[in-house]
Amino acid sequence: MARLTPLAIFSALSFLIPWTQAIQLTASLEYGTFQGSYSPEYNISYYRKIPYAAPPVGENRFRAPQPPIPITNGIYDSDQSFDMCPQRTVNGSEDCLYLGLYSRPWTPSQPLRPVVVVYYGGAFIQGSASFTIPPSAYPVLNVSESNNIIFVYPNYRVNTFGFLPGREIAASKTSDLNPGLLDQQAALIWTHKYIKQFGGDPKNVSIWGQSAGGGSVVAQVIANGGKTHPPLFTKALASSPFWPKAYKYNEPEAQALYDTMAKLTGCEGKNSLACLKAVDVQTLRDASLIVSSSHQYNTSSNTWAPVIDGKFLTQSLTDATRKGEVNIDFGFSMYNSHEGENFIPPGLKSTANAGTPPFNSSTASFDVWLGGFLPRFSKHGIQRVKTLYPEVGSTETISSYNTTYERAQLIYRDVVLACPAYWTAGAAHKKSYVGEYTISPAKHASDTIYWNQVNAIQKSDPLIYEGYAGAFASFFQTGDPNAHKLTNASQPGVPEYRSTGKEFVVAEGGFQNVKIRALRERCEFWRDSAKDVPF
Numbered sequence: 001m002a003r004l005t006p007l008a009i010f011s012a013l014s015f016l017i018p019w020t021q022a023i024q025l026t027a028s029l030e031y032g033t034f035q036g037s038y039s040p041e042y043n044i045s046y047y048r049k050i051p052y053a054a055p056p057v058g059e060n061r062f063r064a065p066q067p068p069i070p071i072t073n074g075i076y077d078s079d080q081s082f083d084m085c086p087q088r089t090v091n092g093s094e095d096c097l098y099l100g101l102y103s104r105p106w107t108p109s110q111p112l113r114p115v116v117v118v119y120y121g122g123a124f125i126q127g128s129a130s131f132t133i134p135p136s137a138y139p140v141l142n143v144s145e146s147n148n149i150i151f152v153y154p155n156y157r158v159n160t161f162g163f164l165p166g167r168e169i170a171a172s173k174t175s176d177l178n179p180g181l182l183d184q185q186a187a188l189i190w191t192h193k194y195i196k197q198f199g200g201d202p203k204n205v206s207i208w209g210q211s212a213g214g215g216s217v218v219a220q221v222i223a224n225g226g227k228t229h230p231p232l233f234t235k236a237l238a239s240s241p242f243w244p245k246a247y248k249y250n251e252p253e254a255q256a257l258y259d260t261m262a263k264l265t266g267c268e269g270k271n272s273l274a275c276l277k278a279v280d281v282q283t284l285r286d287a288s289l290i291v292s293s294s295h296q297y298n299t300s301s302n303t304w305a306p307v308i309d310g311k312f313l314t315q316s317l318t319d320a321t322r323k324g325e326v327n328i329d330f331g332f333s334m335y336n337s338h339e340g341e342n343f344i345p346p347g348l349k350s351t352a353n354a355g356t357p358p359f360n361s362s363t364a365s366f367d368v369w370l371g372g373f374l375p376r377f378s379k380h381g382i383q384r385v386k387t388l389y390p391e392v393g394s395t396e397t398i399s400s401y402n403t404t405y406e407r408a409q410l411i412y413r414d415v416v417l418a419c420p421a422y423w424t425a426g427a428a429h430k431k432s433y434v435g436e437y438t439i440s441p442a443k444h445a446s447d448t449i450y451w452n453q454v455n456a457i458q459k460s461d462p463l464i465y466e467g468y469a470g471a472f473a474s475f476f477q478t479g480d481p482n483a484h485k486l487t488n489a490s491q492p493g494v495p496e497y498r499s500t501g502k503e504f505v506v507a508e509g510g511f512q513n514v515k516i517r518a519l520r521e522r523c524e525f526w527r528d529s530a531k532d533v534p535f
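Going by my numbering, the letters in the sequence shown line up with residues 1 to 535, in that order.
Possibly wrong hints are sitting among the right ones.
Below are the PhoX-like pairs computed for lysine-lysine, each with C-alpha atoms no more than 20 Å apart in a straight line [said to hold, decoys possible]:
hint : residue 1 : residue 2
1    : K311      : K323
2    : K386      : K531
3    : K227      : K311
4    : K430      : K323
5    : K431      : K349
6    : K193      : K173
7    : K203      : K173
8    : K485      : K459
9    : K502      : K430
10   : K443      : K431
11   : K227      : K431
12   : K203      : K431
13   : K248      : K531
14   : K531      : K379
15   : K386      : K349
16   : K431      : K323
Calculated from the structure, these hints are not laboratory results.
Given the sequences, and given the hints that come with them, work out the whole structure.
Quick look at the structure:
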């Protein structure tokens with residue numbers, strides 16, 4: 001596509017802003033000047049590629065992000081894609097610490113706008129923030145003409161590059177535990193420092209993510225003992241937050257990951273960390289994939305995940321939220337009714353053995369899966385789980401289930417997704433909101449069709465689109481998902497959880513407010529059992 005000239009941009013905008021104003025399409029920061037672009041089709045200005053940290057290569061591999069390298073060769077054209085960090089689906093590049101942002105056109109004479117920093121999902125194994133036009137979450141911005149939000153999308157390191165645990169990492173002066181989470185925090189610090197140059201309000205920042213992006217939101221919410229200073233955000237929306245087992249960095253399960261990586265890369269010995277920093281990217285990536293694949297269906301973590309490091313993550317999710325030691329005033333979390341199905345062995349729904357490793361729908365096979373999922377639980381603990389999740393049961397929105405497959409998915413859903421969502425939102429200092437998406441198939445990521453990318457359902461089902469994406473947009477701007485409610489009075493809004501005990505249910509044909517009872521009971525059990533999960 002041909003690049004629009006400044007004259008063409010001005011002409012295209014003449015019907016949108018007064019002739020006497022000029023749209024802001026450059027941003028001068030301490031380390032460089034960046035050229036933005038404009039899309040007349042979607043009426044957004046955007047910067048697709050801005051470095052927010054130095055490339056984490058060489059000695060900076062496994063290290064907290066370092067300040068960005070100054071740009072000295074003129075204006076930096078930001079209208080370009082950037083590489084994924086090394087991961088499962090593509091090789092990627094370690095030179096990956098970039099972010100992009102977009103918003104409605106802005107002029108310096110206009111008020112500053114609310115800001116949303118978005119983290120991508122991918123099980124902490126894969127994912128990318130690089131976007132095309134229209135960008136991710138554009139339906140949230142576009143659900144109402146009154147919306148005026150800046151979205152910021154940072155890359156962060158994943159798998160072994162972002163989440164390698166172990167004593168050796170902790171003891172190194174040039175390495176850090178959880179560098180992927182530190183990347184995310186660095187993007188927040190960048191936003192706090194520079195977003196005014198793009199028309200954003202650093203005092204009105206939300207964070208948002210889905211799946212591991214939602215888990216990233218959880219991590220930032222409980223970071224630094226809930227005392228991040230200066231405050232980098234006040235609102236958090238966690239969509240299906242993937243929060244797998246969170247071990248301490250030096251526990252046997254975590255240390256085993258480091259030792260295995262050293263063995264697979266030929267880096268065993270007293271200089272293992274120096275070797276891991278020097279080994280080529282492809283070797284490290286391939287070893288990382290071997291490790292993650294070997295744990296599938298036997299652990300809730302898919303191997304690579306945040307660890308309790310004693311510095312950034314000082315305590316578990318269950319402890320932090322129980323004590324209210326969080327970084328948010330306003331919390332909003334969503335989960336999907338059947339999203340555990342995406343993560344459990346498919347063989348659990350088959351009468352004959354299926355899948356690798358093989359499972360079937362028998363009670364014996366279920367017991368094998370449950371023991372692998374919760375290896376620290378005693379026989380008594382396992383029996384308590386089976387009692388809480390009986391062979392025939394129900395939930396707030398599932399009237400009845402009677403299959404091994406549904407029983408297993410419900411356990412997985414609650415442990416890894418729904419209870420983390422419930423706890424995170426519920427711990428907010430001022431107001432909390434919890435919601436459940438039930439529209440069939442209601443699996444993991446089913447709900448993204450209404451808010452992630454432009455598609456036909458947003459026109460064919462405007463009620464759900466406006467009520468769901470509209471609640472998100474309202475929350476980002478005000479902290480209240482009902483402040484800019486788009487649906488009429490016949491449709492209920494989003495109930496504040498602590499004052500009502502109810503969740504917001506996104507259902508076929510409309511919305512409901514449903515009392516949370518069974519989920520609360522199950523999540524209280526998991527909180528009491530947290531050390532044996534652990535989380």
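Tested hints:
| no. | hint | result |
| --- | --- | --- |
| 1 | K311 / K323 | holds (18 Å) |
| 2 | K386 / K531 | holds (18 Å) |
| 3 | K227 / K311 | holds (12 Å) |
| 4 | K430 / K323 | holds (14 Å) |
| 5 | K431 / K349 | violated (40 Å) |
| 6 | K193 / K173 | violated (27 Å) |
| 7 | K203 / K173 | violated (33 Å) |
| 8 | K485 / K459 | holds (18 Å) |
| 9 | K502 / K430 | holds (16 Å) |
| 10 | K443 / K431 | violated (27 Å) |
| 11 | K227 / K431 | holds (18 Å) |
| 12 | K203 / K431 | holds (18 Å) |
| 13 | K248 / K531 | holds (11 Å) |
| 14 | K531 / K379 | holds (16 Å) |
| 15 | K386 / K349 | holds (18 Å) |
| 16 | K431 / K323 | holds (16 Å) |
Checked against the numbered hints above, the structure breaks hints 5, 6, 7, 10 and satisfies the rest.
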